[in-house]
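Kindly generate the complete structure, drawing on both the sequences and the hints.
Sequence order for the protein chains is A and B.
Going by numbering that gives the first Met the number 0, 62 is the number at position 63 of the first sequence; the sequence numbering is gapless.
Going by numbering that gives the first Met the number 0, 283 is the number at position 284 of the second sequence; the sequence numbering is gapless.
Hints listed in this document are in silico derivations from the structure and should not be mistaken for laboratory results.
All values derive from a computational prediction rather than experimental measurement.
Take the hints with a grain of salt, since some may be wrong.
One copy or two, either will do: identical chains are not told apart, so a pair holds if it fits within one copy or between any two.
Using 27 Å as the maximum straight-line C-alpha spacing, the simulated DSS-like pairs for lysine-lysine come out as follows [unchecked claim]:
| no. | residue 1 | residue 2 |
| --- | --- | --- |
| 1 | Lys121 | Lys520 |
| 2 | Lys567 | Lys602 |
| 3 | Lys48 | Lys520 |
| 4 | Lys602 | Lys587 |
| 5 | Lys216 | Lys403 |
Here are the chains, one letter per residue:
Number of protein chains: 2
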Amino acid sequence: MNIKSTLIKVIFCGILLLSSTLNAQQTQYYHMPMPANIKAGNGKLLIDKNFSISLEGRYDERLTKEASRFLRRLDQKSGRFFIQHKVTGETENAELVISVSQPGEIKLHEDESYSITVSPTKIDLKAKTDLGAIRGLETLLQSIEVEEGNYYFKSLIINDNPRFAWRGLMLDVSRHYMPMDVIYRNLDAMAAVKLNVLHLHLSDDQGFRFQSKTFPKLTEVASDGLYYTHQELRDIISYADQRGIRVMPEIDVPGHATAMLVAFPELGSKDTTYTLERYAGIFDPTLDPTKDEVYVFLKALFEEMSTIFTDDFFHIGGDENMGKHWTESKSIQEFKKKHNLADNHDLHTYFNLRLQKVLAELGKRTMGWEEIMTTKMPKSAVIHSWRGENEGTAARKSLNEAAKSGYETILSNGYYLDLMYSTADHYLVDPIPEGSELSDEEKKRILGGEMCMWSELVVPETIDSRLWPRAAAIAERLWSPGSVNDVDDMYRRLEIIGLELEELGLKHYTARSVILRKLTKGHDITPLRTLVEVVEPMKGYTRNPGGTMYATYSPFSLWADAATADAKVAREFNNNVNLYLAGNFDAKGLAEQLTLWKKNHTKVLSLIERSPVLLEIKELSENLSITATIGLEAIAFIEKDIALPAKWYETSKKSLEAALENGGRTELQVISGIKMLVNQVEVQVKQ
Amino acid sequence: MNIKSTLIKVIFCGILLLSSTLNAQQTQYYHMPMPANIKAGNGKLLIDKNFSISLEGRYDERLTKEASRFLRRLDQKSGRFFIQHKVTGETENAELVISVSQPGEIKLHEDESYSITVSPTKIDLKAKTDLGAIRGLETLLQSIEVEEGNYYFKSLIINDNPRFAWRGLMLDVSRHYMPMDVIYRNLDAMAAVKLNVLHLHLSDDQGFRFQSKTFPKLTEVASDGLYYTHQELRDIISYADQRGIRVMPEIDVPGHATAMLVAFPELGSKDTTYTLERYAGIFDPTLDPTKDEVYVFLKALFEEMSTIFTDDFFHIGGDENMGKHWTESKSIQEFKKKHNLADNHDLHTYFNLRLQKVLAELGKRTMGWEEIMTTKMPKSAVIHSWRGENEGTAARKSLNEAAKSGYETILSNGYYLDLMYSTADHYLVDPIPEGSELSDEEKKRILGGEMCMWSELVVPETIDSRLWPRAAAIAERLWSPGSVNDVDDMYRRLEIIGLELEELGLKHYTARSVILRKLTKGHDITPLRTLVEVVEPMKGYTRNPGGTMYATYSPFSLWADAATADAKVAREFNNNVNLYLAGNFDAKGLAEQLTLWKKNHTKVLSLIERSPVLLEIKELSENLSITATIGLEAIAFIEKDIALPAKWYETSKKSLEAALENGGRTELQVISGIKMLVNQVEVQVKQ
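Here's what the structure looks like:
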């Protein structure tokens, strides 16, 4: 998945129009995902130390544990020192009564619906399965209110169920291995926003992360000692199960197979030895689909994995297979002739069909990236749509084609969080947008979506800040009705959910301070914070040109790693410029912000002197100062305080263009706002 | 270990005297622990992307891994994008050459000495064992300098070796279980400050944390599902081994045994059933030393544990056995008569001797808290000295007695980090203080010390902030020469090591922000930060009176959990008042600080309104405002700006006394400074 992402630019135009569809009532709530139906009453139920929970009906042990965890989390939030320690079953006079009809199964299409009724004396949480109840508990935790020194639940009625059954997160644990605690805390975060599939990308050119007992060599020589044991994967699956989350493995074949070929070069399409890949990109090492040993190997591997991964689905990758080594191989070319395979595409199909059969025998449904969708592929396969405009195709093209052809399918195009686009960009990508050409039956085949976290530039210390809170907005897209799509309201709620996620142990906010403190070595980090708050890491695949600037072992605790997508301060500044130009924002407020930026550079310079590692941001910091100065001059002119030299705006525009240049692998995000100010000057001068 | 700690107050008087012994040269260094011998030269060796490492001699694979880890850590710090990926052995023209004579063994008294010579072209790190080399690598990482846009190592010669062979950290994982990531990151921190023993307190009244395959019931019913598997413990031991750290288990018997008795009540001294303890304190449940089944059980358990814990030492606890159930039991009383055991103390000795024999057969040396030191105890036992003045005995009494009686022994009295005393307090506790009455032979029996982290009030989210950076100062006490004891210089270096530790993933600094953000729910945390920076959690056992205010499941993410020992801002303020009164500090500087505190309360009040969980600090915040006002008035008077009403100082003193009252289980730390100001007023008025 290294080709440029599929940011659906066209959707931007829709933002303002869509905004008007927001239900005004929703702004009083803090939920994310927003429930399908929510109505407020007038009463309230106090949360005090006697708050307790009762369970009724038929449920899995999972629910007693989750209800206990809810109790402790609520106690942490409110600090009431609850008397009830654990939730074990029926409890007399409990404030929260959870009723469930049947234990939930951790599988696709399991019922996750629930209803909540809060009255002044009691909360009823009802669900068909305990999975629904678990989703409802997360909603309830997002419903706490404060008044006159107390915490309480406001009276309300919620009826909720997911729009899509498949709401996933793909973690690439091959490019950079992610330790168990990273997986655990991200499962907590996933559960908090009602995601229900963890897709583990366990193999790629840079590392094989499943410790096979059948083929121990895989991790012995192709993992740098970083992999998951059977027991660890069982622990992950159990932890996920507890939260109502499926875990699906991926072994990426026949391309992206360098790691496998380091261990077993005899399975490759070229007679050579292989070394573990340390850089990013699309590489040539490919399994040889003409060799029976390849199928023997994969069958044994899949069998072993199936004893651990109990999910109904198994992902075989299949993306970006360029077939260079196939074309170069005489024997493979002969095989193609012999089997009437017209091209490498046909050969790939041949390979997939054999694997599909192996997996079917194991009771698994095959899933693969969209390249596996060929005419002969059985309709039981699930098509994972990932390409879009940046890959030279229309967004959702393969998604819609799959649905029309009778395949079930999910969307990842537009949900690549590692590419550092804004939350709004991702939020407005809808698997089934309004006005979709698909029939109802075809729409049903679109199971949902998965956000992807490819880890070329991501390490355990920074992965949370690349995932969260943006992933929460995509989670809402996949759970809530399509009509919930107001960007401003999303950003309002995103800040709140961001804090909720931090309470779960996520490091998305703390990672920045840790890196900035490291970079300043004990000096005041404020000037760096001021700067980092208005930059974003270079987007798409530009940060790592050719995949060769960063190796897997490069330092990932530098300036760009402290920067995050969606720089809030910059976004707000640009918004404020818009408001100012429309006469709805004070010049003074803008000027104060700009003055801070103008003066920041001197402070940054003094930090750079002490920390050579910061040299890479010298120009970036100067550019902020220069552009802020231009902004101040523009405002002064607009406010008629100063006369600008002729053609000032042309020089300024040039400076602003120059300031677009990256620094420390990040880009300034306030230039668009300042450009608007300069344009206004131009308009006024020309009048 | 619940009796009041042993803060050695008498040592305070020595601080100023000892300060003068500081070697002035040391202040140019940032190391902690300070090496035994260090001399600077004039040249420097540049750190650029070609920096590489070569290994020579006979070493364990441990060293290749640690040298590779060093390389990556140095790259993270300097951001040079090193070309060398891994250290594998001899490398031509390497800047850092590590020479080792023999592989190290992870056992007591293994050679940890090393020498470093930095010249402008090469660094020589020489050590007898790879353990010494690993210690040296940590020293080298603390030796990075900056000049003119570059990172470099300054020319120097270091000859270093530890003062004590046993430098430990005891983690109580029973009161609150600590997940694997907590253990891992704390092992990293231990290695960074050259600690070499992790002592795991695996059983107590609140939980049994070793998953026994022989006795699965132990964790099934007495762990709340929180325990370490064999594999997890092997992983911990391997991770520690990699860093040259021993891992010693403790099963605390015969007291502190509630968890064991929940599973096997038949082993208890009273015919009853037991429930897992949820509170803190000293409890009655005790193993019955008259039953053979007890020894059969413990023998099997110890045997099983010995297959995992390869260390030569095994800790059997033995502390705080009050023997209440022994006294109450008719059969136990009869047993005592029959075996000529005069009292419960004798019976405990009988018990220990039988266990000692079991452990000896397993090739283990028995270690226990000081209560096991009885006349009959074999001299092969190691005595763990923990009681002191607060327990009604002299500091180091049992330590010295043990040494004199022929036992090897280590000190923990004065090193209880969970009690939240200042770093200086701990730093000045020396196992063998100058002028010790012990003979050289007796001194040799003092192997070192262990800091203790009892976890009644500590959870995974906060444990780092309770351990670090204070533990680094104790690590220095145990590694460096006793003459390295300047408190100011220790604090100077402690700040730097604190940041180094954060780079390793420790959460000691970030935990505060996370809690404060939780408490303010997205509002500006600055006012809370201002307040929390001048308070400390209640010390000793006062925060949890009677052990009943907090249960194990109480919320530990409230105000007191955001506070840490050794409030730096308060310490500096009090120092500045001293300087001011001596004519060496500006009144204006003090007044600015006091004005900030005076005005802070209004802001805190507005936060409390939004977060009822903060109500507990209302008076505390008001007290800071009141005392700051008094400080401002005192300064104004001292500076002769205002005339104070008669007896102003008496009213003020009363207010200051009242302000000593705790708030949110924390105490204001600036009152002593303000008292000094008021006393000065009194002196001036009376003149």
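Results for each hint:
1. Lys121 with Lys520: Result: close only across copies, 26 Å inter versus 53 Å intra.
2. Lys567 with Lys602: Cα proximity of Lys567 and Lys602: in one copy and across copies (22 Å, 24 Å).
3. Lys48 with Lys520: So Lys48 and Lys520 pass the 27 Å test across copies only (21 Å; inside, 44 Å).
4. Lys602 with Lys587: Classified as both; 23 Å inside a copy, 24 Å across copies.
5. Lys216 with Lys403: neither (43 Å within a copy, 56 Å between copies)
In summary, the one numbered hint that this structure violates is 5.
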